[in-house]
Each structure stands twice: as C-alpha cells, then as structure tokens.
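**Student:** Assemble chain U onto chain D, guided by the hints.
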Amino acid sequence: MENICKFSSNAVADLHTNGIVDVPLAQTGEGIAECELLKWFIQEGDEVEEFQPLCEVQSDKATIEITSRYKGRVAQVLHVPGSIVKVGETLLKMAVEDTQVPLVTLSNLENEKQPDIKSNKDFNSGVLSTPAVRNLAKEHGININDVQGSGKDGQVLKEDVLKYATQEGIIKDTLVTATADLGQLLHQEKSSLLESAQVSGHYEDTIVPLRGFQRTMVKTMSMAAKVPHFHYVEEIDCDALAELKASFQTNNLEPGIKFTFLPVLIKSLSMALSKYPMVNSCFNEESVEVILRGSHNIGIAMATPNGLVVPNIKNVQSLSILEITKELSRLQQLSLDNKLSPADISGGTITLSNIGAIGGKFGAPIVNLPEVAIIAMGRIQKLPRVADDGDVYSASIMTVNIGADHRVLDGATVARFCNEWKRLIEKPELLMLHMK
Amino acid sequence: MLIPQTKNIGLPLMNLMRFKGLPILQQLHIEEQLLRTSSENWCIVNDGTNDPTIVMGVSGKPAELLEIESVLDDQVPVIRRFTGGGTVIVDHGTVFVTFICNKEAVPNLQPYPRPIMSWSSSLYGKVFQGIGDFHLRENDYVFGNHKFGGNAQSITKNRWIHHTSFLWDFNVQNMSYLKHPKRAPAYRSARSHLDFICRMKDYMPRSTFMDKTVEATETQFSLRPIQLEAIRTCSEAEFCPSSRFLTNEELEAAAVALQS
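Quick note, the sequences are listed as chains D and U, same order. Position 314 (the first sequence) corresponds to 314 in UniProt numbering; numbering is contiguous. Position 112 (the second sequence) corresponds to 112 in UniProt numbering; numbering is contiguous.
Just chain U, same shape as in the assembly:
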C-alpha cells in the first residue's frame, strides 16, 4: 500500500467536489467563483442536474440557437453561461465533469484552447480505453463519429477551466428545443441531432464512468475531497457570477427580432 501513496508525492494538489443532481446554474456559479477567486486546482463532478435546462455559451444568440416558441410555451429555463461554446439541453441524464487549473498545474501544457482540449482528451482516453473507439473530434468527445460529450472553456490570465457535459442519457423530445447551429463541426456532415449524438449508457455504467474519471485524474493530481460548505464562506459575498437565466422578456424580444 506504500506504492500508491509514494506515487502521489510530487503531484500537484487538486480539490475534488462531487455532487448529485446539483442545479446547473448553481454549478456554473461555483465554477466561475473558483476560476476567478481561488488559486487552487479543482475537479467538479455533478451526477445529473434537476430540471431540463438549456445552457447557451457566453455569446449565444437565442434566436439562432433555440426554437423560442416551444421554449416559451413549455417554460424551459435558459441559461447563458460564462464560458464559450455551443448550446446544450441538460437534465438528470447529463453527467458534468469540470477541471479548473492554474496555468502551471499540468507540466508543459500551453494555456490555449487546443492544447487544453488535447490534454482533456488524453485523460478521458484512459477512461474509455478499449471502449467504443473514443476520441476527440474537433471539439467534441465521440465514439466513432457520434458525439457524447461537449466541451467549453474559459482561459484567464493565470488559470483555465475546461468543462464537459456528457450525454449519459437524453430525452429525444428535449432535443427538439434546439435548432441546427449555424456553426457546426465539419464532421457533423449536416446530420440531424439524433443521428449525430449517442448515449454514453450504451457504452459504460454511470458510476463506472465517474470512478474511472476520478482514477484517471489521480494519475496526474493528488486529489483531496472537499465539501461545498468549505468554499461557501470565502469571497462568495463579494463575487458576482455572470451565468444567469434569460428572462421571458429577453426570449420574447429575441423571437420578435427574428420575425422582423
């Protein structure tokens, strides 16, 4: 038992927070707070969120990305998050994994989108070794050419965040709230949503995925479990997160602008 411990000597420290069913807006607030106010490395795993919610990237335009009428009719909450990237609809079938790191945390890793993306794919490569022809395709995690995980990042002066939403399972009807995005990866080849994505549950049990992700992370970091309460006290009062719900008025205005 000495050997696993000695392996950790010299590995950078990373705090691990695990949640189940944490509301996605709360997760985003915590992530942004940790990115901007903490100087430690973090890994967050959220096993599903509560209600189905649409989450758009920082500069997403609702009119282009959403079927606004259906979204308003069914009162589906829409969040604009603080990281870049595309639009997803998340629910209890989505598993979230986030890495928040200092620039020097991963040796020889350049703090730019592509290198971070490659680093993350090599970590998940360990998780999915021998399973389903996993690889990083443009900016998505795929089995073969079917996407099961979408990524987004934010890079600041000294730190970066890379977070992923994994489609462990999804509700086919929910996908109909999302339009075909104007900017789609080339490998999508104009496929419809359902022909483009796949369910991770067809490849791996949920708990196995999360355990293996933690194990893979442990090969590069010394993980320390942390409870939410531990971060609640510091700087939360001063920090103002930018991820927020879009109001009905904003969505209606977008719909009107589209029609005119």
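Extracted from the complex, chain D is given alone in its bound form:
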C-alpha cells in the first residue's frame, strides 16, 4: 500500500509551449527549499524515457537522483553543476509527445474557436517561468511576455504576475489568502472556466486529463472503495468552543495569528486518540497486522486550486494549541502555493475533513488509506435544542461523520472514541486536566 506521494506541480500545469514542458525540481523531501545540482546524466538533445535518471542533486545530508516524469527529448538544460536550484524551479525543458499531455483543454475554453496549436499565441512565450506561474498568468488573461520578471535571469515569478495584474486593474486584491480559516479556502478553477465558456457561447465537450493531485485521487479512492466502511454520526455542541475561540482572539498577544475552531478540534482529537489508540492506527493487509501509531499525525483535507490534498500536522500529541494553529497556517499557505513537500503529505495517521467550511450538514467520508478512520465535520449551525426542563434553547451544533475501516474498528470503539472527543469539545476545560 503506497502512501499518497504528490509532487509540487502537475502535468496540466506543466504547460505546452509548442510541446515543450518545464520540468521543475520536485522530488526532494521535507523542509528542503533548495538543492545543489551535482551532475547531469543527460545532455541537450538526448532522448529520455519516463523514470530515467536526469541528474543528481544534494540536499543537506543526501544526494538524490532526480528521475524524469516524461518520455521525451531534452530541449534545454537550465542549470550547471554547482548551482543552487530552488524546489519548484525549472531544472530543464523537455520536448514531450503531445499524446502525453493533450493540448485540447484550457485553450478551448479561453478564447479560440478551435483548439489550434499554431494560433495559441498565449503559449508562444520565450520568457523563463515555472508552469504554475504561466497558469496563473493565463487565468488572468495576461500575456506572460508582458510581465517584467524579477527572478534570476529575468525569470517571471508569481509575485510579478500578481503585481502586473493589480497594476492593470485585473485583480483588486491579492489572490493569496493567508488566513487560517478554512471557510475561505474555496477553489475557483473549473467553475470559472466553465462560466467563461458559456458567456462566449461555446458549449463543446471538454476533455480534462487528470494529473497530479487529481490523478492520485483516482488511484487512492479506488483502493479505499474496497475497504468495508461504516459510518458513525454524532452532533457536537460547539458553544463552549466558540467562547474559547473568542477568548483566544481577544487575548491574543501575537500579531498575524488568526484563531479558528480547527486547532482546538485537532488537539482534543489527539487527546481522545490517546485513550483509543486503535483509531490512530494503520492496517497492513498482507500481514493482517494493525500498527498502533505512536505519533498523532493529523491530516487536514484541503481544497486547493490543484485539487484535494491532505497535509498532516505531525506529533499533535506533543504540540500546544498555539503551535497547532501556526503549523496549520503554514500548511495551508504551502498548499495554496502548491509547495507541499512529500513529507508534509505522508505519514498521516488520521484525517479531518472540514467540509463544513464550504457547506453541508455532514458527509460520508472515505478513509485515507492506510489510515483506519476519517472524520468529516459539517457546518456549525444554530439549531433548537430541548433542555431537561422542556425549554427550547438555541445551540451551535456541528454534525460529524466518522468513516471507519470495519476490518479494524467496531462500532463500539468508534462510539466511545467519539464520545470522548465530543466531551472534550463541549467541555474544553477538561483539556487542562491533561496539561503538562
């Protein structure tokens, strides 16, 4: 069973410039921002196969072979041995066969009547920039050639495109939402493209090849669908949680930190997991073994412009709520920028999906293998409740649905675990009992 392994760009965004694809430095690992290029195994003009080693880089303690994502021909090598390359920066350009990444999609919706490669002036750019930045420019209808690049060798960076767009009045505010509130993490891509298609009167079919995160989702969900799931639903009163959040916000001494419900939910989840470690485990089908994971690496499902991604906060059992808040914010920013590292998205032990931030009463989530439980949290709604004395009062209620692997977990365990979690959320002062 493979963990999800995602790279920081996908082939749809690795745009076509007449069949030339920018290949970024991606496969390096957690917390590594840049590497030294040690040597090339190929040179310009060479034909390479998929997975063939292209070069060797060094990061800190490791030398790493970078392999090719595509089959094609090396068009241009952009760095020499000894140079420092940032993760995400283009390493080389490759001429790739069109069958690998069909051109039909975006150009169809943008402005051409027919998908005609020759007339796609948008793509014919000699400017140095990464695929993600080209994509951003296109989203705003900007010709990347018009943008002044402030990066090395005149490379056009994301900030350059945003600055240009703001100057031209194309966008009013910066795109980057740095808030920790998941409610604002809405992705706009496909819906806005569809809108523009309808406005211009083009109702043709669109083929969207799934790459990157989306392609991974196909694979992982197909595997997860084979797991016998059961779902457990519960309502949680979030009045105390709302008071706590308000208190954090009012008494906040650190600027730039936005308090939301999620970190408290995450910390109390970890407390409940300490009592019910079976819920924080991994199931190994072949050896029929359950590994009770010592760390609580809590994954948070995030909707990004590139699809669903689940980075996790490591070792929540050892983190304070403030530390969780900061780490959550860091991961959210990275996922928006499409800069999550493989380690950020691997090693998770349980997943939280705050789908309620977008909408919905509750979901029926599918476990994120090889984990055994996933929790979908619906929107907090003000609902009428009946007190013991028969009076009706209003309470902020969140409905949660725990999806569990029935090969490992039974209803009673999940119910007891959920009761514990609910208790800690409804009475957050109980968290202090475990404070060290």
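Hint data in this document are derived by calculation from the structure and do not stem from the laboratory. By construction, the Cβ of each residue, glycine as well, lies at the ideal position given by its N, Cα and C atoms. Heads up, a few of these hints could be off.
Stated by the list, open to error - 35 Å max Cα-Cα, derived DSBU-like pairs, lysine-lysine:
(1) Lys339/D / Lys61/U
(2) Lys157/U / Lys219/D
(3) Lys212/U / Lys86/D
(4) Lys314/D / Lys126/U
(5) Lys93/D / Lys219/D
(6) Lys157/U / Lys339/D
Unchecked claim - Which stretches of chain U does chain D cover? Using the computed rule of at least three CB atoms under 8 Å from a CB of chain D, they are:
(7) 26 to 35
(8) 99 to 113
(9) 151 to 161
**Tutor:** Chain U alone, transformed into the frame defined by chain D:
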C-alpha cells in the same frame, strides 16, 4: 525455538556483512558498488577503521571544512565520499553502520531524506532504549544535545543508502583538523567541537551496541550473513566507484585559493 523463526516469515531479506578495521575507502567502495549494482538489501557493520582519515561529503570544499595546513603537515588522508553530508574524521574508535535498501524494502517508507532519517532513528531508538536520552536531532544522533553519530545518504531511482559513523571514542587532537562548518545544525548553538560531541563508550559497550543494532535490524529484516568474497566476483570489474582520496596537489591548490 519455533517462534523466532516464524517471526521471520514474510520479512524482507537483508544481507549482513561485518568487518573489523576495514579501511574506510574500501568500505565506501563496497557500499557504492552494492548501492548501484546490487538489487538486494544490505547491512554493513565495520568495527573501526585503520588509520585516522578525514571523510568529506560529495560536494565538500576542503578550504572551508579543513585546516589544510595541519592536514598537509601531518599527511592525514582525505577522502571525498559519494554521499552527501558533512565532514568527519574517523579512526579505530569509529563504528560504522550502513543500510542499503530497495525502495520497497521498508513498508510505507517514502524514499526521501527525512523519512529515511526518521526510520533509522526509530531503529536505533530500540538499540538505545532507556539509555542516555537518545534521539534524532535534525540529522544527527544525540544523547541529550550531544552528537555521537552523523548520517549521510544517497537516494537513487530504486534504492537508497543511509550510513552512519558512530563516535564510540575519538581522539581530541584529531578534531582540530576540522574547521567549524559554515552550515551547522541549529542545535549546535555555536558550540565548539568538543562541547558538541560525546563518546558512545560512556553509554554502552562496543560489542553490545553492534549486537543490539543487528537485533533491532532483525525485527524488520531476515538477516543473512555474507562474506566479502561473495560479492567480490560479480560486477566489480565493470563498476567504478567515485569515492576517492584527494591528492596533495588538490589540497595545496585549495589552500592557495583560500589565501588569494
């Protein structure tokens, strides 16, 4: 006695080679050969090497890392190895442990530096259980905040190597050949060499360490002892290892470049 054997069923196979006093360059050549030409998993334990030798990482610059004048005066051999990482000076007091694995050998282990580093620390965690507050600190093995083991890795398309030099004992004078590296881990907090490292012999007998390491490895792999001769015959002729001694000329040129 049936139980220990049945435990091994289903565990991936790993070849174990044990040496004592094998010259470090030879060890590095063997490791690189196995990484690049073998498709099996390997564990190498070398109990000390012979003469004191400086070993730098693949892109180490002698002028930045070594006191070149002293190194040249005392004719200390300097090797550039094939893995990344920092500079060490090794001798008979150093114990080496190396793991060379296929990507799928350890289930759910992502073949990237950090996950491999964490996996190795959990293995050594079993060895040092209850002893000296062992943990992985950034990329080093420490007791408390004193380093006793340094790590380096190389990750190829389908395999990876993680090797460690353990300071079971060291000669204080030898440390003076090494400069303070420009890139030091944050937890070093600008401490001098001697305030930063510690000796493993203060925590555990040498043979106990090696035996426990093998035992800990056996919980994840089915170990099979192999002699050096068994690997000598195959592909050695075609394979050209990259770890090598730096020549006096190279060191002198580095010293000159530094001064100018």
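**Student:** If a hint holds in the structure, say so; if it doesn't, say that too.
**Tutor:** Here is what the structure says about each hint:
1. Lys339/D / Lys61/U: 31 Å, holds
2. Lys157/U / Lys219/D: The given pair, whose Cα atoms are some 22 Å apart, holds under the 35 Å limit.
3. Lys212/U / Lys86/D: Violated: lysine 212/U and lysine 86/D sit about 40 Å apart, past 35 Å.
4. Lys314/D / Lys126/U: Holds, because 21 Å separates the two Cα atoms, which is no more than 35 Å.
5. Lys93/D / Lys219/D: 28 Å, holds
6. Lys157/U / Lys339/D: Status holds; Cα separation ~22 Å.
7. 26 to 35: violated (count 0)
8. 99 to 113: holds (count 5)
9. 151 to 161: holds (count 7)
Consistency with the previously given hints fails for numbers 3, 7, ordered from lowest to highest.
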